[in-house]
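In UniProt numbering, the protein residues as written are 1 to 181.
Please keep in mind that the hints were generated in silico from the structure rather than gathered at the bench. None of the hints are false.
Dumping the calculated EDC-like pairs for lysine to aspartate or glutamate here, alpha-carbon to alpha-carbon at most 16 Å:
{"no.": "1", "residue 1": "LYS21", "residue 2": "GLU114"}
{"no.": "2", "residue 1": "LYS55", "residue 2": "ASP138"}
{"no.": "3", "residue 1": "LYS55", "residue 2": "GLU134"}
{"no.": "4", "residue 1": "LYS56", "residue 2": "GLU134"}
{"no.": "5", "residue 1": "LYS56", "residue 2": "GLU114"}
{"no.": "6", "residue 1": "LYS55", "residue 2": "GLU135"}
{"no.": "7", "residue 1": "LYS55", "residue 2": "GLU4"}
{"no.": "8", "residue 1": "LYS56", "residue 2": "ASP108"}
{"no.": "9", "residue 1": "LYS12", "residue 2": "ASP101"}
{"no.": "10", "residue 1": "LYS21", "residue 2": "GLU4"}
{"no.": "11", "residue 1": "LYS56", "residue 2": "GLU4"}
{"no.": "12", "residue 1": "LYS56", "residue 2": "GLU135"}
{"no.": "13", "residue 1": "LYS55", "residue 2": "ASP108"}
{"no.": "14", "residue 1": "LYS56", "residue 2": "GLU20"}
{"no.": "15", "residue 1": "LYS21", "residue 2": "GLU135"}
{"no.": "16", "residue 1": "LYS55", "residue 2": "GLU114"}
Computed Cβ-Cβ distance ranges for the label pairs, DEER-style:
{"no.": "17", "residue 1": "THR154", "residue 2": "LEU19", "range": "29 to 39 Å"}
{"no.": "18", "residue 1": "ASP11", "residue 2": "GLU91", "range": "30 to 40 Å"}
{"no.": "19", "residue 1": "TYR22", "residue 2": "ALA169", "range": "29 to 39 Å"}
{"no.": "20", "residue 1": "GLU143", "residue 2": "PRO15", "range": "35 to 45 Å"}
We treat Cβ as the ideally placed atom computed from N, Cα and C, and that holds for glycine.
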Amino acid sequence: MSGEHVILLDDKNTPTGTLEKYAAHTRHTPLHLAFSCWLFNDRGQFLITRRSLAKKAWPGVWTNSVCGHPQQGESSAAAVVRRCRFELGVEIAGLTPVWADFRYRAVDPSGIVENEVCPVYAARMVGDLRPNAEEVMDSRWSELEEVLRGLEATPWAFSPWMVEQGSNALARSRLRDFCSR
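Hey, can you work out the whole structure from these sequences and the hints?
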């Protein structure tokens, strides 16, 4: 998806401008707006995805279903819908906030920094999965409890943002509630 940017934020999370997405993600990534979404199927299973090797940060790492960056003038909810279509080829329903004020900073093995205010959502996937190979190299439907145990036992195997999200008691509770509906 060419031409994407990130919305830069100050220390009070107020937008201050934009920067091209790949130019923003460096060893000195400025704070910017993002989102994460945990997708579930009708059986309550969670879709875990493995990032493509073409990704600049954390290539090949297992993570939550979809992540991205809202564009200028786009709500986080609209950005989630857009990225679900682009990364996974799916529509979603029941988009629900899980952790509205999640913020993290992490450095991948190559030195690339993620520095994001990253609201977390849950949603139901509608239709068949058609992953974009430039974004997703693998995916698995899993029981949420198995994934949460895996995050505790082997955090190094997952993206740091997913580990933090899955380790937060309130976020875990909201994800459990969502997948049991």
